[in-house]
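The task is simple: from the sequences and hints, build the whole structure.
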Amino acid sequence: MSGIRVAMHKAYGEKQKIISMPPPKRVYIPLSQHTGKPAIAIVAAGDTVQKGQLIGRADGKISANVFSSVFGRVIEIIDFAATDGKRPHIVIESDGEEDGGKAAGFLPLALDAEPAQIIARVREAGIVGMGGAGFPTAAKLESAGEIDTYIINGAECEPFVTCDHRIMLEYTEEFLSGSRLLQRAVNAKKLIVAVEENKKNAIEKIRDVIEREGYDIKVLTLPSRYPQGAEKQLIYTATRKKVAPGKFPSSVGVLVSNVHTALSTYLAVINGEPLYRRVMTVSGGGIQNPSNLWVPGGALFTDIIEFCGGYSGEETVKLIDGGPMTGTALEHTDYAAEKRVGLLALLTPEETHKKQPSPCIRCGKCARGCPMRLMPMYIDAYALTGDIAKAVRYGLRECIRCGCCAFNCPAKRPLVQSIRLAKKKDEAMRR
Amino acid sequence: MKTFTVSAAPFYRNRQNTTRKIMLDVLTALVPCFLAASLFFGYHVLINLVASMGACFGAELLMELAQKGFKKENVKNASCRDCSCLVTGALFALTMPSKIMVRGWDLNFYANGFRTGGGANAILFSFDTLIVCIIGSIFAIAVVKMLFGGIGKNFMNPAGAAHIFLLLCFSYTAVTAGAWGLSGTAGATWLSGDKATGNASLFLDMFLGNKGSASVGETSMIAILMGCAYLCFKRVIDVRIPLIGLGCFCLFIFIFDGMIARDLLGRVDTPARLFNNLFANLMTGGFIFGLVFMATDYSTTPNTFTGHLIFIAGYALLTALIRAFAAWPEGAFFAILLMNVATPLIDRYVIPKPFGYQKERKSGVRGAAKLGIRKEELGMKDKKSVSDTKQSTPSEIPHSSLLIPHSKDTGVAP
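The listed protein sequences derive, respectively, from chains A and B. Take 6 as the starting number for the first sequence in my numbering and just add one per residue. Take 260 as the starting number for the second sequence in my numbering and just add one per residue.
Quick caveat, the hints were computed from the structure, so don't treat them as lab data. A few of these clues could be false.
With a cut-off of at most 25 Å between alpha-carbon atoms, the simulated DSS-like pairs for lysine-lysine come out as follows [as the list claims (entries may be wrong)]:
id : chain 1 : residue 1 : chain 2 : residue 2
1  : A       : LYS429    : A       : LYS42
2  : B       : LYS612    : A       : LYS252
3  : B       : LYS412    : A       : LYS360
4  : A       : LYS246    : B       : LYS612
5  : A       : LYS205    : A       : LYS22
6  : A       : LYS66     : A       : LYS42
7  : A       : LYS223    : A       : LYS195
8  : A       : LYS359    : B       : LYS280
9  : A       : LYS91     : B       : LYS261
10 : A       : LYS252    : A       : LYS66
11 : A       : LYS247    : B       : LYS612
Per the computed footprint, the stretches of chain B lying under chain A, defined by three or more beta-carbons under 8 Å from a beta-carbon of chain A, are [as the list claims (entries may be wrong)]:
id : segment
12 : 260 to 272
13 : 333 to 347
14 : 549 to 562
Taking CB as the label site, the calculated pair distances span [what the hints assert, rightly or not]:
id : chain 1 : residue 1 : chain 2 : residue 2 : range
15 : B       : GLY506    : A       : ARG212    : 44 to 52 Å
16 : A       : LYS194    : B       : ARG607    : 44 to 52 Å
17 : A       : GLY101    : B       : TYR616    : 55 to 63 Å
18 : A       : GLU81     : B       : ARG607    : 53 to 61 Å
19 : B       : GLY408    : A       : LYS66     : 49 to 57 Å
20 : B       : GLY408    : A       : ARG212    : 50 to 58 Å
21 : A       : GLU311    : B       : PHE564    : 50 to 58 Å
22 : A       : LYS107    : B       : THR264    : 38 to 46 Å
23 : B       : THR375    : A       : LYS360    : 52 to 60 Å
This structure is a prediction, so every number in the text was calculated from the model and none was measured. Glycine included, every Cβ here is placed at the ideal spot set by N, Cα and C.
If you want it as structure tokens, here you go:
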């Protein structure tokens with residue numbers, strides 16, 4: 006695989022134990038925190054809700070249930086800013102009753118549950134791909150067909166993110182059992198846990214547990230390179246199978262799920278806990294106490310930053326939701342935590358870049374770094390002149406938007422930005 | 260409320276990698292060449308260097324200001340700050356002889372005075388050389404680079420193009436002999452002589468640089484190789500490119516200059532002579548200089564590795580052909596420029612296949628079929644509208660049908 010070597014900046018959160026964040030006064034739970042149709046609200050203003058209670062029902066197969074993350078009362082359902090525009094959020098005021106009541110949930114199942122039971126539970130619990138894609142896991146499991154290998158993705162190749170690392174260290178048994186449940190759900194023959202080599206202690210811990218329990222799981226050490234955790238690249242490294250452009254991994258008999266998805270599956274099946282919280286890394290030079298937190302769904306970033314000790318003395322120029330290579334820069338902190346977002350990064354000027362773009366010097370470093378073997382310089386050039394057909398010729402549709410090209414570019418051109426623009430135009434033209 | 264800067268991903272860039280740093284790396288790699296050149300050809304090389312770099316810098320700044328307007332902020336953000344014009348200047352100075360006498364000018368200082376004559380070798384300070392260097396630099400930057408859109412848009416290597424431009428426009432006598440003049444090749448280059456290959460010490464002199472050479476930069480192979488090693492170490496160039504280029508060149512020179520050319524002359528060479536010829540060809544002339552510093556230039560070479568291989572092979576082939584059969588003793592710069600203009604063509608046809616690409620792509624075929632249906636639908640509508648308007652504008656259709664074969668004809672006829 007090509008790709009790039011990045012300074013990982015994992016030291017911020019690598020050694021921070023996962024702690025639980027108390028529910029804030031108000032949570033803003035988005036009805037759309039997954040790929041597909043938004044959920045339909047089934048509560049109204051004034052209703053009293055329990056922690057773990059269903060408040061949004063999945064609308065169709067490619068959608069996911071949404072649960073309340075606090076005990077309290079629904080204030081209103083409003084259109085509130087999300088990273089991709091205004092979307093309906095359910096606002097719940099917490100009554101501060103944290104440990105008093107028992108969270109609502111499902112009946113626990115056993116580890117040897119039937120595949121259909123597991124998939125049904127994954128659907129009920131509203132589990133989605135927690136690595137960032139947010140695709141409903143149940144839909145993926147149901148449409149999988151015959152699966153040879155199930156890969157659990159613990160690469161965590163984006164800089165700053167450490168939540169998967171900590172899960173692998175602290176919830177080793179749980180996430181491995183969850184992985185086996187996922188494997189069971191699709192009857193996969195092999196189960197591979199793939200971890201990048203920079204997480205040595207996690208690899209050792211996983212090996213220990215596998216040996217102790219006698220699991221039939223292969224632990225794969227991946228080279229520490231970005232984007233090793235991208236689905237197609239990971240499948241190639243693990244199985245030497247290439248997924249054709251425009252195809253899903255199931256076409257080569259492989260499924261990939263994130264470490265956190267496996268953990269959430271375990272919690273849903275064995276503990277009966279629906280997906281209303283997730284582990285999130287708060288990192289970067291701009292935060293006082295970099296941490297890994299169990300964040301209740303819908304907590305505002307303002308509250309999360311406050312819980313982590315507020316801003317550090319250093320100047321914070323960028324607030325990033327979801328990783329410095331592929332995430333979204335936010336203007337302010339009033340956004341709600343979602344299921345799919347595992348990182349909140351507060352970057353200082355040294356950790357980001359401010360250089361203005363200069364003309365392309367045709368050095369070809371973007372093409373050399375591209376894990377999909379495209380030619381970003383031509384896609385960029387044709388996207389800017391509006392010639393989308395030519396941009397497609399140089400691989401526009403195959404782009405995974407990993408950002409390696411822009412990272413490598415000596416002229417600091419905004420390559421990914423123009424590729425995204427061209428992709429939008431291309432989609433509009435095809436419609 | 261605290262607010263933050265919003266921009267598009269990725270927010271994280273490689274700081275070690277900027278246009279300016281790349282250009283400074285190339286300039287550093289050229290330092291050994293300059294040291295060797297001034298060692299063997301004297302101080303005038305450094306005078307040429309300063310004149311060329313200054314002229315290139317000034318030409319780029321003036322061209323940009325002329326295009327954008329003479330304002331302070333334009334000077335602040337001028338493109339010449341990325342130092343690429345200095346690389347052009349330095350490369351160009353290395354392609355020039357140390358001192359020249361242009362026919363009819365002779366604005367030179369000799370030991371016994373101004374314009375007193377006495378041959379190129381006796382010149383102390385040469386205005387001829389300076390003027391020609393400045394004209395060449397301005398041509399390189401103003402015409403070859405800036406008129407085509409500046410950095411990254413030039414279709415030819417500016418330094419190589421300026422070298423050829425001067426060669427064609429000015430008739431000059433040049434100092435080709437090294438200052439030390441120890442070896443038997445003094446006075447002429449090996450390539451322009453009878454290509455005799457004698458003793459082993461000749462090869463050592465050729466390797467170190469103590470020999471006659473038409474461009475000061477190509478004299479010392481060891482200096483060029485040091486620069487090459489530095490560029491490879493800094494990852495400015497791909498180490499495979501010069502190695503493969505050398506291999507191709509050996510092959511072609513062995514075939515053309517070694518075997519065929521000698522056979523046509525009716526001389527049967529011993530294997531030892533063939534190998535001597537090969538080594539001497541490698542050690543002299545601009546091929547290796549061009550290979551390291553010009554055939555790896557970013558803007559004027561193909562962007563893919565496969566494309567670059569074709570470029571390098573073509574460069575080696577053309578240089579070997581020119582050396583073996585052409586009227587010029589040396590043709591590395593011609594070969595570079597010819598391959599430069601072939602680069603857009605190579606880039607057009609050599610496109611890497613995306614990761615996971617398979618030949619029989621079902622989705623692709625389906626997508627095309629969908630498009631095809633759409634096109635047919637559109638086409639039918641078009642035909643209807645054409646048939647409706649056919650009678651009103653009868654001249655349109657024959658006119659367009661005439662155009663198509665016409666353009667095809669011009670496309671086919673070379």
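Each hint, compared with the structure:
| no. | hint | result |
| --- | --- | --- |
| 1 | A:LYS429 to A:LYS42 | 19 Å, holds |
| 2 | B:LYS612 to A:LYS252 | 16 Å, holds |
| 3 | B:LYS412 to A:LYS360 | 21 Å, holds |
| 4 | A:LYS246 to B:LYS612 | 16 Å, holds |
| 5 | A:LYS205 to A:LYS22 | 17 Å, holds |
| 6 | A:LYS66 to A:LYS42 | 9 Å, holds |
| 7 | A:LYS223 to A:LYS195 | 8 Å, holds |
| 8 | A:LYS359 to B:LYS280 | 17 Å, holds |
| 9 | A:LYS91 to B:LYS261 | 20 Å, holds |
| 10 | A:LYS252 to A:LYS66 | 20 Å, holds |
| 11 | A:LYS247 to B:LYS612 | 13 Å, holds |
| 12 | 260 to 272 | holds (count 13) |
| 13 | 333 to 347 | holds (count 3) |
| 14 | 549 to 562 | holds (count 3) |
| 15 | B:GLY506 to A:ARG212: 44 to 52 Å | 47 Å, holds |
| 16 | A:LYS194 to B:ARG607: 44 to 52 Å | 46 Å, holds |
| 17 | A:GLY101 to B:TYR616: 55 to 63 Å | 57 Å, holds |
| 18 | A:GLU81 to B:ARG607: 53 to 61 Å | 59 Å, holds |
| 19 | B:GLY408 to A:LYS66: 49 to 57 Å | 52 Å, holds |
| 20 | B:GLY408 to A:ARG212: 50 to 58 Å | 57 Å, holds |
| 21 | A:GLU311 to B:PHE564: 50 to 58 Å | 51 Å, holds |
| 22 | A:LYS107 to B:THR264: 38 to 46 Å | 44 Å, holds |
| 23 | B:THR375 to A:LYS360: 52 to 60 Å | 56 Å, holds |
Hint compliance for this structure: no hint is broken.
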